[in-house]
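Q: Sequence:
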Amino acid sequence: PAIRSYVLESAENPTLRGRMVTLETGLHALIATQSQTILINPAVNERGESIHSSTFYTPDTTQTALSEQVFAVAEQQRERGGSTQILTDGQLRTYRIAIAADGEFSQDQGGTLTATRATIVSRVNDLNVYFQMNAGIGLQLVANNDALIFLDPATDPYLHPAQGLELFDQNIATLDSVIGSANYDIGQLFSGERGGGTAYIGAVCENAIKAGGISGDGELWIALHEIGHQFNANHTFNGVSRACSVQAANSAYEVGSGNSTMSYASFCGSDNVGERTLEFSLESIREIQQFVQSGVGATCGSLTGSSNQAPVIVTGTTQITLPASTPFTLVGHATDPDGDTLSYAWVEHDLGPAGHPNQPSGNAPLFRWLEPDADNTRTLPQMSDLLAGRQTIGELLPNYTRNLAFRFMVRDDGDLPASRYANLQVAIAGESGPFRVLSPNRGESWQAGGSGLVTWDVAGSDLPPVNCLTVNIDLSLDGGVTYPLALATNVANDGGQQVVVPDGASEAARVRVACATYPDHFFFDISDSDFEIVTNSAATFAMTANPQQVALCGGESVDVKLAFEPFAGFSAELPLTLTLPLSAEISANLPNTTTV
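Take the sequence shown: its position 369, counted from the start at 1, is 369 in the numbering used here, and no numbers get skipped.
All the given hints hold, so there is nothing to weed out.
Calculated lysine to aspartate or glutamate pairs in the DMTMM-like style (CA-CA distance at most 25 angstroms, straight line): (1) Lys561 - Asp474; (2) Lys561 - Asp494; (3) Lys561 - Asp503.
Listed next, with one range per pair, are the computed distances between beta-carbon atoms: (4) Ser445 - Ala388: 17 to 27 angstroms; (5) Ser384 - Ala147: 48 to 58 angstroms; (6) Gly26 - Glu275: 26 to 36 angstroms; (7) Gly450 - Gln309: 48 to 58 angstroms; (8) Pro157 - Pro337: 43 to 53 angstroms.
Hints listed in this document are in silico derivations from the structure and should not be mistaken for laboratory results. Model, not experiment: these values are computed from the prediction. For glycine and all other residues, C-beta sits at the position ideal for the given N, C-alpha and C.
All chains should be built: construct the whole structure from the sequences, respecting the hints.
A: Here you go:
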């Protein structure tokens with residue numbers, strides 16, 4: 001058939017990924033953005049005319065329960081040490097995939113070879129977007145795959161009902177007989193009879209089991225999940241409810257149900273932590289890469305090399321200590337030797353005891369997986385929760401002494417992506433915190449050009465082991481979304497600071513007090529609600545001193561910096577009078593006249 005497949009790229013946005021295929025039934029395309037998946041498919045309008053329609057893809061998880069079995073075939077290799085690790089290496093590994101369709105699946109597509117073929121080809125096209133972007137893997141449908149499409153449930157080689165290993169055996173025998181074991185690297189069955197899926201873990205290239213994968217209805221997210229198993233990715237959920245009752249002991253890094261490709265998102269009742277994404281988590285990518293770079297998955301398929309180099313992570317702080325129950329922001333930096341656009345993700349990597357997301361113990365995971373995007377920072381919990389005063393499941397601050405492990409993942413967006421990560425260790429000091437802004441906090445009114453008092457509860461954060469001695473105070477005029485205005489920098493973490501209120505009226509002002517100890521990461525708190533800043537029409541000025549107060553013993557000295565700021569066009573000569581305690585001396589570095 002005249003089937004043509006195309007890779008879609010955007011000249012304006014290199015982070016967009018897509019594939020398009022032209023079929024006898026029309027055009028099909030998938031475009032993956034950093035926030036959603038867009039599908040384009042043939043359709044018919046209200047006048048009966050053939051058109052193409054675009055929709056946002058939502059995984060079909062309408063089943064009341066997930067039916068899945070996975071079978072491990074070998075103990076997985078575990079990672080050894082190192083602070084920076086390469087994930088994908090910028091090479092493309094292509095595997096021949098054979099996909100059988102049972103009679104029930106074909107009937108669901110309309111009962112014709114043309115329609116069933118179109119669904120299979122389109123699905124492989126879709127799968128390639130995510131496997132290539134996440135894992136540097138390409139799937140190539142075998143040339144004579146039509147021979148594996150069975151149209152009649154009564155005559156197909158699959159006995160129903162069949163489960164697990166029995167269905168595997170039937171599919172392996174069918175593919176080996178029709179295609180030949182030497183002519184494919186991985187096999188799947190798209191079944192219309194069963195929901196969910198089943199797969200061997202780490203089965204690609206293993207002749208005896210490489211066709212041991214079944215995807216119910218050929219649904220995109222199910223096929224991604226099951227083929228992920230075949231490429232050695234284990235389940236990632238850490239929850240305990242409903243379908244999450246049995247975890248994969250060495251890969252349960254996602255809080256609750258998880259929400260990456262290898263999670264059980266939406267199937268774990270009260271442990272669900274949000275909508276499923278179609279990207280593999282860092283741990284899944286690591287498992288897949290070990291398998292295809294140096295494991296059994298390296299013994300078949302073909303390798304296409306490239307000159308693309310992995311991003312270089314600029315090593316910053318690798319260990320920090322934070323007070324309990326206190327928000328924090330992580331900041332990472334990286335460059336790319338090839339000048340490629342970069343995508344980032346801050347990922348918690350804790351393999352603690354399984355449990356409900358809001359009832360963690362030990363070093364259980366707390367924070368959900370987020371897909372890589374253009375933002376090299378992550379605020380925990382998410383800023384929208386802090387502004388609304390709510391807590392989203394999968395965004396829980398630790399309130400007891402424990403450790404958190406984070407990984408800063410960086411992926412370039414070249415034709416053949418390369419990615420790596422760096423480690424950050426976070427210690428939570430249960431005896432400290434919560435660090436809290438006390439004022440302005442409840443609808444206060446400040447006047448531009450005047451003095452504003454910011455107070456906060458230090459909560460032991462100035463003492464060991466946190467040792468935060470100085471803070472930065474910043475102002476937001478947009479309800480706390482951004483904090484572009486610095487009110488005070490590197491002032492003492494003593495619970496109070498007078499600041500000059502800058503120009504700019506706002507009914508949605510908030511302040512943020514943030515620890516200034518580390519050059520990149522910081523803990524903080526913000527005003528609980530908006531307050532107002534009103535303009536000052538009278539010409540005036542403001543003067544601030546830093547530090548504002550200090551304790552000295554005899555013979556000691558201190559430098560005090562005075563800052564003047566005019567408002568509403570103020571300009572005048574100011575007499576400066578300094579009053580000192582008895583026996584104190586001053587040395588001023590001022591001109592004879594200071595014009596403000």
